[in-house]
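Engineer: Letter by letter, the chains look like this.
Protein chains: 2
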Amino acid sequence: MKTAITPTRAENFSEWYQNLITAADLAENAPVRGCMTVKPYGWAIWELMRDEMDRRIKAVGVQNANFPLLIPIEFFNREAEHVAGFAKEAAVVTHYRLKQIDGVLQPDPESKLTDPYIIRPTSETIIGEAMSRWVQSYRDLPMKLNQWVNVMRWEMRPRMFLRTSEFNWQEGHNVFATHDEANKDARRMHKLYGDYMREVLAIPAIMGEKTPEERFAGADHTYTAEQIMQDGKALQAGTSHDLGQHFSKSFGIQYLGTDGALHHAWTTSWGTSTRMMGGLFMTHSDDDGLVLPPAVAPYQVVIIPIVRGDDTEGLNAYAEKLADDLRAHGIRVLADTSDMRAPDKMWKWIKRGVPLRVEIGAREMDAGALTVTRRDLGRASKQTIAVADFVASAREMLAAMQRDMYDAVLRRNAEMIHNVGSLAELSAALSAGKTGFFRLKYDLTLAPEFDAIMEQYKISRRCLDDADPEYVFVAKSY
Amino acid sequence: MKTAITPTRAENFSEWYQNLITAADLAENAPVRGCMTVKPYGWAIWELMRDEMDRRIKAVGVQNANFPLLIPIEFFNREAEHVAGFAKEAAVVTHYRLKQIDGVLQPDPESKLTDPYIIRPTSETIIGEAMSRWVQSYRDLPMKLNQWVNVMRWEMRPRMFLRTSEFNWQEGHNVFATHDEANKDARRMHKLYGDYMREVLAIPAIMGEKTPEERFAGADHTYTAEQIMQDGKALQAGTSHDLGQHFSKSFGIQYLGTDGALHHAWTTSWGTSTRMMGGLFMTHSDDDGLVLPPAVAPYQVVIIPIVRGDDTEGLNAYAEKLADDLRAHGIRVLADTSDMRAPDKMWKWIKRGVPLRVEIGAREMDAGALTVTRRDLGRASKQTIAVADFVASAREMLAAMQRDMYDAVLRRNAEMIHNVGSLAELSAALSAGKTGFFRLKYDLTLAPEFDAIMEQYKISRRCLDDADPEYVFVAKSY
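Respectively, the protein sequence lines represent chains A and B.
For the working numbering, add 535 to where a residue sits in the first sequence, where the first one is 1.
For the working numbering, add 535 to where a residue sits in the second sequence, where the first one is 1.
Same shape as in the complex, but just chain A (with noise of 0.2 angstroms):
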């Protein structure tokens, strides 16, 4: 059977992936090395995911903020690990003007920085030391901040939206007076990313503990949601670190006690990014294109009129009549009254995922009737229904798409999680090509002959198994 997608992803999931984001058109490779253009599509459907993500962060208390792209190298040379953690990928601002020099335009020496900066990577240094001014008693904590920004990590392998030289995220960074209350914080954080991740993008993510190997530079825990891809690997989707005195003790984020005494605080930080977009897209699509889940679709319905001969205005006006209809009950829709022959529209539509397709043609007109088709089971749930019964039930039809495709993606992750007893085990397994999450004792992994798999197989420890610490999770990985 012909697909949209060729290769698909059986054939090759990786360029599958890249025919994919092209097909729908959400993004390309832009002329700056390891950056993406996020195309208005792509876009669209972000601001959906991080307009969800704000209501829930703020609900949590936190309030937005905004600190400088740019920081200065000894803020960041401040904290050991965390220096070596983002040395290898910082981009560095060393000159603040342009000068035509024999023709061609290039830094004037003479604007040459003292101390240059560098694009934040990520931003607990110069927002440590604004909370070495800001946080003065135990009155000013807990202290709740957020912002939603790009950083830059110099990238060397870019894969869209994946692994970016730029990237769009959100970081939190609270403050708190006891240990115990920020890593609780960064639990809760860690539980709302599992939350948003389940309700909003249909994703049932793993949630543990990374190992200490694999920890944040600069943090005591790192807390992850580590999303299962249809070929097995995984995918980083959202950390929360107990950041524990390390940046407070680097920034000297001290607080006046109720004892009259200073206190270092503890602080946690917590991020998601563009990153997961590449998450939703690998996980629900197919070898047709896209399937989005109807919470972040930009439409959640569209209507193609099926015109036949002269019939086009009335067909029209009906469907955007529809359309009306439908937006009054709160769904996004589009009437398609655009000039594209009707195949191509409905291939158009269905290349990008939109959850519900609505055809309409003289015939059904007529009859009041529609034929409707869900993007995520095709043509298998294909229907004919009355107009007004469409109208009523169609939010109940997206919720139950959204539902339908969470226990999809559960029940499909459930064959791809492997428990194995020894490293030899795990070893045929990976030899004989078998894929997905492998479970197995952490103990094991800290053998030397555990890096030898590592490395032959380029896989990694995910994180602990929350149910049991004493065991771990590795899979290869985006």
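A couple of the hints might just be wrong.
All copies of an identical chain are treated as equivalent in the list; a pair is satisfied when it fits inside any one copy or across any two copies.
Restricting the straight-line Cα-Cα distance to at most 27 angstroms, the calculated cross-link-like pairs of lysine-lysine (DSSO-like) are [as the list claims (entries may be wrong)]:
{"no.": "1", "residue 1": "K969", "residue 2": "K917"}
{"no.": "2", "residue 1": "K856", "residue 2": "K679"}
{"no.": "3", "residue 1": "K647", "residue 2": "K623"}
{"no.": "4", "residue 1": "K634", "residue 2": "K784"}
{"no.": "5", "residue 1": "K1011", "residue 2": "K726"}
{"no.": "6", "residue 1": "K679", "residue 2": "K719"}
{"no.": "7", "residue 1": "K976", "residue 2": "K726"}
{"no.": "8", "residue 1": "K647", "residue 2": "K883"}
{"no.": "9", "residue 1": "K976", "residue 2": "K883"}
{"no.": "10", "residue 1": "K647", "residue 2": "K634"}
{"no.": "11", "residue 1": "K623", "residue 2": "K856"}
{"no.": "12", "residue 1": "K883", "residue 2": "K679"}
{"no.": "13", "residue 1": "K537", "residue 2": "K917"}
{"no.": "14", "residue 1": "K679", "residue 2": "K593"}
{"no.": "15", "residue 1": "K1011", "residue 2": "K993"}
{"no.": "16", "residue 1": "K886", "residue 2": "K593"}
Just so you know, these hints were derived from the structure itself, not from any lab.
Got chain A sorted already, so can you dock chain B onto it with the hints?
Structural biologist: Below, chain B without anything else, positioned relative to chain A:
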């Protein structure tokens, strides 16, 4: 009379502004040359401003997208006027890695880029390059794109919100088949900005075209919204450019016309930024602090329980209940039940410009009444009314305040605009210390003597008078 902000506007407008920013907890200088950190209260105002602007931009058929932060110098160099306008303030990225050398963390010489990048000062060039691929035929036109991003123009004389090296903005970039359409679009977006300033910010801006001397670097026509600050200086708060074919020719944005031939397209760009916040603050605020139009006030109503003795709990609960009742009417409200003293709370929210301040003491609670004061009118507006009446009329009170604030500025502006018939008259007025906008024949400003006046009094041409483009407004400016 003691004021919350010292010095007062009359004593020292510039210092008053700096202290206003601090007193209202809006922002602070960042430890990065020319940059600021926007604090939560300031950012909450920006989010309201941004969301309403975004809604209006989308309503005229523009789609949001996201283009890279970095721009290859070669792109930037393609349009001669453009590069001349921005090269002198460009932050340049020259390395992509840091390394410890002799114990100092610095740009790794081995990571030096053959082709450096600049941080976008604006994105005509990189968007032009994308459009040269995205625009193929007349069917692709018009194409209307916008992005909400940070940009950077290295600033030697920074001033919070008004002029910072990094700032946040929206930049729209549209493409059309004909010059007529493009010019109409530039004017449409200009009008959209004017409507927005009037309806949302309660600011009547002077709307007109820039003279050739003051145009955007690479534009055929620049339309501007010039706001008049309380000290009579101008603030350019939003511009819309008819770019002619400058960028379509530099980047090869061509379309196949209905005539079967290739044509260069016509482009526009238009932007408003966090600078508009500076205009908002400088236009409406007074010697007691910020005064916010209800449309962009994070809290439109603040309720302060006036606790005397041990009635704290009952009063706080009563305040929270009232807050909920107001929220049910779609009002943004805070019941300030924190443990500050009531007078401190009162001054805190006066300084932060909350439109309606409600005070409730035990006696008011028992009588089912409250005291309400309008921020713009102060004590004179203080009235005690029944709680039920306030809940029913609060929205109308806010709407009235929004209108009155606009009218007050309109009246003040009328007194700030002076007609002058000659350069001698202009010179005399400036020399006498007269402030505001001076309106004179544009031709007069082409004489060499005008250059001398500009330099001596630091004035500049702001824009032509829309009502009679033979006249131009000149003023000092931010």
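Engineer: Now tell me if each hint is right for this structure.
Structural biologist: Structure-based check of each hint:
1. K969 <-> K917: Classified as neither; 36 angstroms inside a copy, 75 angstroms across copies.
2. K856 <-> K679: between (46 angstroms within a copy, 26 angstroms between copies)
3. K647 <-> K623: For K647 and K623, both the intra-copy (22 angstroms) and inter-copy (13 angstroms) Cα distances are at most 27 angstroms.
4. K634 <-> K784: between (42 angstroms within a copy, 23 angstroms between copies)
5. K1011 <-> K726: within (24 angstroms within a copy, 54 angstroms between copies)
6. K679 <-> K719: within (13 angstroms within a copy, 46 angstroms between copies)
7. K976 <-> K726: within (24 angstroms within a copy, 66 angstroms between copies)
8. K647 <-> K883: Answer is neither; intra-copy 50 angstroms and inter-copy 43 angstroms both fail.
9. K976 <-> K883: The answer is neither: 47 angstroms in one copy and 56 angstroms across copies each exceed 27 angstroms.
10. K647 <-> K634: both (12 angstroms within a copy, 18 angstroms between copies)
11. K623 <-> K856: neither (57 angstroms within a copy, 54 angstroms between copies)
12. K883 <-> K679: Between copies only: 20 angstroms across, 43 angstroms inside.
13. K537 <-> K917: Within. Shortest intra-copy distance 19 angstroms satisfies the 27 angstroms Cα cut-off; inter-copy 74 angstroms does not.
14. K679 <-> K593: within (10 angstroms within a copy, 32 angstroms between copies)
15. K1011 <-> K993: Result: close within a single copy only, 6 angstroms intra versus 64 angstroms inter.
16. K886 <-> K593: between (34 angstroms within a copy, 24 angstroms between copies)
Consistency with the previously given hints fails for numbers 1, 8, 9, 11, ordered from lowest to highest.
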